[in-house]
Amino acid sequence: MADPMRIRAVARDGSVNVKVLMSHEMETGQRKDASGKLVPAHFIQSVSATYQGKTVLQAQWGPAVSKNPFLEFNFRGGQKGDKIAVTWEDNKGEKRTDESTIN
Amino acid sequence: MNRRSIKLEVVVALAGLAVACAAHAQRKEAAASATKDAVTADFEKFRAVMEEASPAELFEARGEELWQAKRGPKNASLEQCDLGLGPGVLKGAYVRMPRYFADADQVMDAERRIVHCMVTLQGFKAQDLAKQPFSNESRTPDPVVLVTYVAGQSRGMKIAVPQKHPKEREIFGIGREIYNFRAGPWDFSCASCHGEDGKRIRTQELPNFSSKEQAIRAFQGWPGYRMTGGLMHTLQWRLNDCFRQQRFPEPGYVSETLTALLTYVGANANGHVYKGPGIKR
Chain A
394 MADPMRIRAV ARDGSVNVKV LMSHEMETGQ RKDASGKLVP AHFIQSVSAT
444 YQGKTVLQAQ WGPAVSKNPF LEFNFRGGQK GDKIAVTWED NKGEKRTDES
494 TIN
Chain B
77 MNRRSIKLEV VVALAGLAVA CAAHAQRKEA AASATKDAVT ADFEKFRAVM
127 EEASPAELFE ARGEELWQAK RGPKNASLEQ CDLGLGPGVL KGAYVRMPRY
177 FADADQVMDA ERRIVHCMVT LQGFKAQDLA KQPFSNESRT PDPVVLVTYV
227 AGQSRGMKIA VPQKHPKERE IFGIGREIYN FRAGPWDFSC ASCHGEDGKR
277 IRTQELPNFS SKEQAIRAFQ GWPGYRMTGG LMHTLQWRLN DCFRQQRFPE
327 PGYVSETLTA LLTYVGANAN GHVYKGPGIK R
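Chains as they are written, first to last, in the working numbering: chain A, 394 to 496; chain B, 77 to 357.
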């Protein structure tokens, strides 16, 4: 099971700034291990963020994104005290969703 | 013109040249220090951006879970582990180590103490833990994750390595000896690189660990997430790497040698604020 994300969300001037740190290997599928065999690709393919049932961010990622990725974005209209949820899904079908309260 | 006056003229000309050279050198030096400052300032900007997104936090979170989990042959958690401030007290423990522990009758640094707890409380075998002491791409050893968690509990606190117990003072002296001990195929010591102000390797400035002002830089940013390879490392790894780079034999995992060095540098850094686990290039 994947490790939890760290999500920080702060509301200011009518918009919410969200910082997400994800724990993922992000293997490109191009690297070889010590015995010369290819390390199979394993990376996050889609990321989405939802606020009160509405999707505020949707992204498609590829193997060029770094290990343990960091994502920062802003969206308009979020309220302090509400929840923001972030979900990722990788190419092996593994999924993880975490929630955080907006400060 | 007689010979004497020719000589005089030559001397005057040379003196003029010397003045010009000195002025030129001064300008060059000023320019060099300006570029150096610009490079250092850019490095600091880069570090500030990286610190905001430091994956060290992910390891801290994992360490918290690991600390509370019942594990090992004795199926116990580490919550009864005494890091010097009482069983289970983590706040401020990291910045007060290395310190003397009466139950073990020796001075221990943070990682050594945590390994000691894993052995005594959880029943793990020290030789098993020493099999893979440092992170590689397939595995981050448990002590690394635990040290990162414990270090995070001292974020923003002042380094206060105790020097009251005679054994603490003794090991400080041993640490100073090791730091200054020149040996190996390159006749190196720690002090060769870290014993003078203003030294650097490529663009990296080298802190002088014998200085009360700079010794803090040995602790700042460690345990650290290295962007090269994306691995989490503790001071045990960093000091081990210093031995390797000097072409010295590498010390054993959580050896007394490293406790001694950490006591020497730690006590020198006393009073400076520790910023918590960090990120390294």
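It should be emphasised that the hints constitute simulated quantities derived from the structure, not laboratory data.
Note that the structure is a prediction, hence the values are computed from the model and not measured.
Beta carbons: idealized from backbone N, C-alpha and C, even for Gly.
Just to be clear, a hint being listed does not mean it is correct.
Listed below are the simulated DSS-like cross-link pairs for lysine-lysine, each with C-alpha atoms no more than 30 Å apart in a straight line [to be verified]: (1) B:356 to A:460; (2) A:460 to B:207; (3) A:460 to B:150; (4) B:207 to A:412; (5) B:356 to A:412; (6) A:473 to B:234; (7) A:488 to B:146; (8) B:207 to A:425; (9) B:234 to A:412; (10) B:207 to A:430; (11) A:425 to B:275; (12) A:412 to B:351; (13) B:275 to A:460.
Between beta-carbon pairs, the in silico distance windows are [stated by the list, open to error]: (14) A:488 to B:199: 52 to 60 Å; (15) B:164 to A:405: 49 to 57 Å; (16) A:469 to B:239: 28 to 36 Å; (17) B:242 to A:434: 55 to 63 Å; (18) A:441 to B:332: 32 to 40 Å; (19) A:456 to B:202: 38 to 46 Å; (20) B:149 to A:435: 44 to 52 Å.
Going down the list of hints, with the structure as the test:
1. B:356 to A:460: 15 Å, holds
2. A:460 to B:207: Roughly 26 Å separates the two Cα atoms, so the pair holds.
3. A:460 to B:150: 35 Å, violated
4. B:207 to A:412: 37 Å, violated
5. B:356 to A:412: 20 Å, holds
6. A:473 to B:234: Not OK: residue 473 of chain A and residue 234 of chain B at ~33 Å, beyond 30 Å, violated.
7. A:488 to B:146: Judged against 30 Å, a Cα distance of about 27 Å means the pair holds.
8. B:207 to A:425: Between residue 207 of chain B and residue 425 of chain A the Cα gap is close to 24 Å, so the pair holds against 30 Å.
9. B:234 to A:412: At roughly 28 Å apart (the allowed maximum being 30 Å), residue 412 of chain A and residue 234 of chain B satisfy the hint.
10. B:207 to A:430: Answer holds: residue 207 of chain B to residue 430 of chain A is near 25 Å, not above 30 Å.
11. A:425 to B:275: 38 Å, violated
12. A:412 to B:351: 20 Å, holds
13. B:275 to A:460: Given pair residue 275 of chain B, residue 460 of chain A is violated - Cα atoms ~33 Å apart, limit 30 Å.
14. A:488 to B:199: 52 to 60 Å: Because 36 Å falls outside the window, the suggested range is violated.
15. B:164 to A:405: 49 to 57 Å: 38 Å, violated
16. A:469 to B:239: 28 to 36 Å: Because 56 Å falls outside the window, the suggested range is violated.
17. B:242 to A:434: 55 to 63 Å: 58 Å, holds
18. A:441 to B:332: 32 to 40 Å: 52 Å, violated
19. A:456 to B:202: 38 to 46 Å: Check passed, 40 Å falls within 38 to 46 Å.
20. B:149 to A:435: 44 to 52 Å: Between residue 149 of chain B and residue 435 of chain A, where Cβ atoms are some 33 Å apart, the hint is violated.
Figure legend: structure checked against the earlier numbered hints; hints not met, in rising order: 3, 4, 6, 11, 13, 14, 15, 16, 18 and 20.
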